[in-house]
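Just so you know, the sequences run in chain order A and B. For the record, in the first sequence the residue sitting at position 12 is 12 according to our numbering, with numbers rising by one throughout. For the record, in the second sequence the residue sitting at position 79 is 79 according to our numbering, with numbers rising by one throughout.
None of these hints come from the bench; they were simulated from the model.
For each label pair, taking beta carbons as the anchor points, the in silico distance ranges come out as:
#, chain 1, residue 1, chain 2, residue 2, range
1, A, Arg187, B, Leu87, 16 to 22 Å
2, B, Pro30, A, Phe107, 25 to 31 Å
3, A, Trp106, B, Thr94, 41 to 47 Å
4, A, Arg105, B, Met103, 53 to 59 Å
5, A, Ser45, B, Leu87, 37 to 43 Å
For the chain B half of the interface with chain A, some residues (derived, Cβ under 7 Å), not all of them:
#, residue
6, Pro25
7, His39
8, Ala47
We put the beta carbon where it would ideally sit given N, CA and C, even for glycine.
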Amino acid sequence: MNSAPVDVSAPRIELAAVRDIVPVAASVVPFALVIGSAMREIGVSGGVGVLGGGAMYSGSAHLAAVALLGAGAELVMILAAVAVINARLLVYGAALEPRFRTQPRWFRWLGPHFLVDQTYALATARDDLDEPDRFRRYWVVAGLVLGAFWIVAMAAGMGLGAAIPASSPLNFTATAVIIALLAPRLRARPQVLVAAVAAAVATTSSSLPNGLGLGVGLAAGIVAGALIEARQR
Amino acid sequence: MSAVVLLASSVVTWLLRVGFIVIVPARRLPEGLRRVLDHAAVAALAALLATALTRESGPAWLLTPSPVLVAAVAAGLVAWRTGRMGLTVVVAVTVLWAAQLIM
Numbered sequence: 001m002n003s004a005p006v007d008v009s010a011p012r013i014e015l016a017a018v019r020d021i022v023p024v025a026a027s028v029v030p031f032a033l034v035i036g037s038a039m040r041e042i043g044v045s046g047g048v049g050v051l052g053g054g055a056m057y058s059g060s061a062h063l064a065a066v067a068l069l070g071a072g073a074e075l076v077m078i079l080a081a082v083a084v085i086n087a088r089l090l091v092y093g094a095a096l097e098p099r100f101r102t103q104p105r106w107f108r109w110l111g112p113h114f115l116v117d118q119t120y121a122l123a124t125a126r127d128d129l130d131e132p133d134r135f136r137r138y139w140v141v142a143g144l145v146l147g148a149f150w151i152v153a154m155a156a157g158m159g160l161g162a163a164i165p166a167s168s169p170l171n172f173t174a175t176a177v178i179i180a181l182l183a184p185r186l187r188a189r190p191q192v193l194v195a196a197v198a199a200a201v202a203t204t205s206s207s208l209p210n211g212l213g214l215g216v217g218l219a220a221g222i223v224a225g226a227l228i229e230a231r232q233r
Numbered sequence: 001m002s003a004v005v006l007l008a009s010s011v012v013t014w015l016l017r018v019g020f021i022v023i024v025p026a027r028r029l030p031e032g033l034r035r036v037l038d039h040a041a042v043a044a045l046a047a048l049l050a051t052a053l054t055r056e057s058g059p060a061w062l063l064t065p066s067p068v069l070v071a072a073v074a075a076g077l078v079a080w081r082t083g084r085m086g087l088t089v090v091v092a093v094t095v096l097w098a099a100q101l102i103m
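The shape of chain A in the complex, shown without the other chains (with noise of 0.2 Å):
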């Protein structure tokens, strides 16, 4: 059995992971100061709304929570709403558990934690993390680094309240982030069409609640690419 020569040239996956996640992490800070801002509204005290924000690490689903609390929504509701939103999280972790099998039992309970559209689609870009231990790495990094920021402005959030102006073109990073993440991925047919399909899906059921539109894009994206898997064989 053949040892594999360390290379000592290779920069390490630490670094890589702050590289990725930092522009991703300054990304999300206008919404994570929205929601601050929106605990601080309905009197959520700023212990249980910072680490509420850590807990859930989940911005849409969290939003949601906090506006169905305000108005006054009973703990079922919210909770199915939470359960609708964050759905896509059930498919990203089937996505992405190959990269857990192997991993140690605490990391394949705990790790998951971290996962989010972010981080979902940035561990499936990069082809360099097929050791275990890389990866962990890597997840662990990107995941604590995106949590320190996301616990910040939500914090920060909280303190402004309603200082926060509700529309900036800094509201944009996020989208600009999800743009970021899809286009290099647009390169082949496939991958177009699945991509057509979602968003056109997502946006005519866009006026459904709770966010549901998302999560109906998100099948039909992938009925599609099923579709297409079966005309090419």
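Given the structure of chain A, go ahead and fit chain B onto it with the hints provided.
Relative to the frame of chain A, chain B by itself:
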């Protein structure tokens, strides 16, 4: 109440995250279903983008000229050509800011 809601929401979210990783590992899912999931990344990102653009400029976002659409197209071109995230974000925000001044 808010602590209970956030805790319970966190548990629900975590269960969805570990669902196909440890509770029912995806390798036990049928082969066909797993292959279908290969398209999930592109489908999810496209659906997220469409949802964000719809929120900004309504369901006719693709047909209505708007600063957001101009910025999105500019960002898309930069990302497609360079694959660089930081540059894409800076271009997107700068173009949006400029387009809002002009349009």
